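Please arrange chain B on chain A, whose structure you already have, making use of the hints.
There are 2 protein chains.
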Amino acid sequence: MDRNGIQHGNARAVAVTALTELLGPKGLLTAAPDCARYASDQSGLPGALPLAVLRPASTDEVSQALALCSRYRIGVVPQGGRTGLSGGACSAEGAVVLSTERMAGIAEIDREAMTLTAWAGTPLETVQEAARTVGLDYPVDIGARGTATIGGTIATNAGGIRVLQHGMTRANVLGLEAVLADGSVVSRLGKTVKDNSGFDLKQLFIGSEGTLGIVTRAVLQLCRQVPQSALALFALPDHAAALACLAAARRRFGSRITAFEGMWPDYWEFVCHATSLASPPMAGRHGFYLLIEVEAGSEGAEDELEAFFAELFEAGLAEDGVLAKSVAEMRALWRVREAVGEADEGFGPHINFDIGLSPSALGRFCDAADVLLAGMLEAKGTLKVGHVGDGNVHLLVAHDGSGRAEERIEAAVYGLLRDWNGAVTAEHGIGRIKARWIGHSRTPEELAMMRGLKAQFDPLGILNPGALFADPER
Amino acid sequence: MDRNGIQHGNARAVAVTALTELLGPKGLLTAAPDCARYASDQSGLPGALPLAVLRPASTDEVSQALALCSRYRIGVVPQGGRTGLSGGACSAEGAVVLSTERMAGIAEIDREAMTLTAWAGTPLETVQEAARTVGLDYPVDIGARGTATIGGTIATNAGGIRVLQHGMTRANVLGLEAVLADGSVVSRLGKTVKDNSGFDLKQLFIGSEGTLGIVTRAVLQLCRQVPQSALALFALPDHAAALACLAAARRRFGSRITAFEGMWPDYWEFVCHATSLASPPMAGRHGFYLLIEVEAGSEGAEDELEAFFAELFEAGLAEDGVLAKSVAEMRALWRVREAVGEADEGFGPHINFDIGLSPSALGRFCDAADVLLAGMLEAKGTLKVGHVGDGNVHLLVAHDGSGRAEERIEAAVYGLLRDWNGAVTAEHGIGRIKARWIGHSRTPEELAMMRGLKAQFDPLGILNPGALFADPER
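From first to last, the protein sequence lines stand for chains A and B.
Counting from 1, one number per residue, gives the positions in the first sequence under full-length UniProt numbering.
Counting from 1, one number per residue, gives the positions in the second sequence under full-length UniProt numbering.
Next comes chain A alone, as it looks inside the complex (with noise of 0.2 Å):
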């Protein structure tokens, strides 16, 4: 046994021959180019090779696998669809991987409660597409929605573009089911809205990162279909005038503003004139771009943004303004927007921090970090883009590609970060990218509390070993 009581050699032999055993040959890949598919995720960090691949076609298989993974002392990390940009679902050194493929499927939909039950394994897009199939909607949002998992979106509390009026995964979770380590099984499936009989368990599993338990199935709260919605595109001087117009946004529309983006000029530089990535829709340069969405009340929603913009030019808040008149031209404004995830992919080598703040102060930290890293000779550039409402910003810096130029921004970067009270990860999760820097926003108290959850829940640590925890011992 290594440090972490993982086992090796031989006894891992058995414990593979007591899965497939327990799996079938559908339930288990051993094969190393099978296996090597498993073994990374969308975060760029290279995975170990899984000794197995578990693919599971229930909770009771599920269960009694991790049994036998507890009891030789097996490493197990859960994977939905792999998208994840921290490295949670990167296979470990002699771990298996779970991955929950095959329990895919939409168990229910109730119209009257507006609840979806679905298996873990079931891609996002389908539960929305099922969700809109009644008039109904399930309002997490994320570019990965085709391939991203509703258990990885528990498991990592996903956020999204449409947090500002719904909130991240964890306000959307009514019920959940999940397996801890020693293969007992949780199981709160009820569509019951109000609760306070005892703790409220399923928010251990939602946003830990398959540290505590996997998750197996979920309630889903959906909400009504929004029905029509109008978008625009402002140029405006700064970030400190888009938090102007997001209070006036609040007064003029309340509840119903549905998107509120902010672009910095090194981002909408990037791509809409250094690459091709989006045309631009409005000419001139900018202090600050925001794409807002709102939905339509009692008048037509154009009317009220055209209005609402009249109002910002006269305030000096905006400069510019954009209305989309079509799908089409709705498609081109949110393409800006989304070009991000090319934008993360064509910017060279760089780092993807994912900050959170609180929204009053994620223009300062930004104004901070851009200044901070101006100074630095590995640092060759950024692009800033977020949610404005949410206060998260996904900060890209580019560097020179050397390892010593990746630790000395990480560290330049977090330990502003520390002196800003923010999170280390907004939305994306701790993984195992950012395990080493949890204590830049996590009190020592804290870790203690998280670290007597985890050998409270997983006192063999072999649920997801090395993520969100950088210490080998946890």
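I should point out that these hints are in silico values taken from the structure, not numbers from a laboratory.
Source: prediction; values computed, not measured.
It is possible that some hints are incorrect.
[Claimed, not checked] In silico SDA-like links for lysine to any residue, alpha-carbon gap of 25 Å or less:
#1 Lys454(A) with Ser70(B)
#2 Lys26(B) with Thr126(B)
#3 Lys325(B) with Gly254(A)
#4 Lys454(A) with Gly452(B)
#5 Lys454(B) with Ser184(A)
#6 Lys454(B) with Gln456(A)
#7 Lys454(A) with Lys325(B)
#8 Lys325(B) with Arg252(A)
#9 Lys454(B) with Ile257(A)
#10 Lys454(B) with Glu446(A)
#11 Lys454(A) with Gly183(B)
#12 Lys454(B) with Pro459(A)
#13 Lys454(B) with Ser187(A)
#14 Lys454(A) with Val185(B)
#15 Lys325(A) with Gly254(B)
#16 Lys454(A) with Pro444(B)
#17 Lys454(A) with Pro459(B)
#18 Lys454(A) with Glu299(B)
#19 Lys454(A) with Leu189(B)
#20 Lys454(B) with Asp60(B)
#21 Lys454(B) with Ser70(A)
#22 Lys454(B) with Leu447(A)
#23 Lys325(A) with Glu299(B)
#24 Lys454(A) with Glu445(B)
#25 Lys325(A) with Glu302(A)
#26 Lys454(B) with Arg170(A)
Relative to chain A, chain B alone:
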């Protein structure tokens, strides 16, 4: 020591001396008449006379007091405004009470971030009023707002009349500071909206009724102040029609519905006719009464509610309606719903159930409960009032005052509820009164997980002994 491990006799006197030294004369009460005032809450359950009442004035004092209580194995019952209905704040035998009353006040309001930081002992209404002075609001609202404290609302995950739009307390807390049983302080008082940097520890303290830690401060998420709203009372044929109205209201008003409250005929007759708690705002007898409040959109909300009533009337869903035309009329309509507090006092011996279910199942459950209770000689009638959109009914069952009646009626109603997969408490909490029934809502695996958490964070069992966990050995 008794089986709880709580100290008796002289050891207690030593502990009280040490606590007196720590907290000073203003910070500790020991005279029996003083202590007696802190024995009970609004549940009617007689609490034991507290050994002493601790009134710490800072987080540090709470921390040192808990460290002392741990050392001497003295039970600690945390108290806010003592407005709870489940006995969660009733003092326990041989325990001290820890009141947050000297830790009151608002530390900061951040208009841009829309946050308010308050000490645990601050009354809810004080927070609401402070938010309104800057054009914002705090959406958690309950009848006991003048006395209930922020700490208490967090510890019990308070619900109330605005859950439909803003969620329970859990959804409105951004940051939290709590003290664990051993005195360690877990503090996270930032204003970060999106934060996936490890476990969301505050979720453990919210709704766990002071059994895992004592809340000392919180950062609350404010919302914009609703500029104008309209209120109407609709008479419907039955609860099924109320669900159809809710679906129609969601289509028409979207997220602008601020209240959607239901009253069954038994409740209506009691407050409007059998007593004079409220004046009947409409004549005739109907199968269900609905109070609906919506915030104004671009046109007047009154006109919209009138058009909505016409739609419902046309569809045979509404039989009669009253639209409030002035603030006085709004108050009169709300009065019928809010008379539940006095109804609770004037209804004679009864049990106050706080049932949580899927909204779609609530009406059928109430019908089944009526049939069940009609067959029980001990049951002397019901009052039913609740939150239609949240699947929460307050079911008051009158009985003949005998202990056996209570026992039999509770067994019958909770037994029915277990078959319906509901929550034995939707918003009032488990406290001491419902602790023995928690197994009707939670599985053995869930209860084991809850006990594991309790053992992890309060191994000596000093925090709120007897609350939430019925088993004295926890």
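Verification of the hints:
{"no.": "1", "hint": "Lys454(A) with Ser70(B)", "verdict": "holds, 24 Å"}
{"no.": "2", "hint": "Lys26(B) with Thr126(B)", "verdict": "holds, 23 Å"}
{"no.": "3", "hint": "Lys325(B) with Gly254(A)", "verdict": "holds, 23 Å"}
{"no.": "4", "hint": "Lys454(A) with Gly452(B)", "verdict": "holds, 12 Å"}
{"no.": "5", "hint": "Lys454(B) with Ser184(A)", "verdict": "holds, 18 Å"}
{"no.": "6", "hint": "Lys454(B) with Gln456(A)", "verdict": "holds, 11 Å"}
{"no.": "7", "hint": "Lys454(A) with Lys325(B)", "verdict": "violated, 57 Å"}
{"no.": "8", "hint": "Lys325(B) with Arg252(A)", "verdict": "holds, 24 Å"}
{"no.": "9", "hint": "Lys454(B) with Ile257(A)", "verdict": "violated, 41 Å"}
{"no.": "10", "hint": "Lys454(B) with Glu446(A)", "verdict": "holds, 17 Å"}
{"no.": "11", "hint": "Lys454(A) with Gly183(B)", "verdict": "holds, 21 Å"}
{"no.": "12", "hint": "Lys454(B) with Pro459(A)", "verdict": "holds, 16 Å"}
{"no.": "13", "hint": "Lys454(B) with Ser187(A)", "verdict": "holds, 19 Å"}
{"no.": "14", "hint": "Lys454(A) with Val185(B)", "verdict": "holds, 19 Å"}
{"no.": "15", "hint": "Lys325(A) with Gly254(B)", "verdict": "holds, 23 Å"}
{"no.": "16", "hint": "Lys454(A) with Pro444(B)", "verdict": "holds, 21 Å"}
{"no.": "17", "hint": "Lys454(A) with Pro459(B)", "verdict": "holds, 16 Å"}
{"no.": "18", "hint": "Lys454(A) with Glu299(B)", "verdict": "violated, 53 Å"}
{"no.": "19", "hint": "Lys454(A) with Leu189(B)", "verdict": "holds, 23 Å"}
{"no.": "20", "hint": "Lys454(B) with Asp60(B)", "verdict": "holds, 23 Å"}
{"no.": "21", "hint": "Lys454(B) with Ser70(A)", "verdict": "holds, 24 Å"}
{"no.": "22", "hint": "Lys454(B) with Leu447(A)", "verdict": "holds, 18 Å"}
{"no.": "23", "hint": "Lys325(A) with Glu299(B)", "verdict": "holds, 24 Å"}
{"no.": "24", "hint": "Lys454(A) with Glu445(B)", "verdict": "holds, 17 Å"}
{"no.": "25", "hint": "Lys325(A) with Glu302(A)", "verdict": "holds, 8 Å"}
{"no.": "26", "hint": "Lys454(B) with Arg170(A)", "verdict": "holds, 23 Å"}
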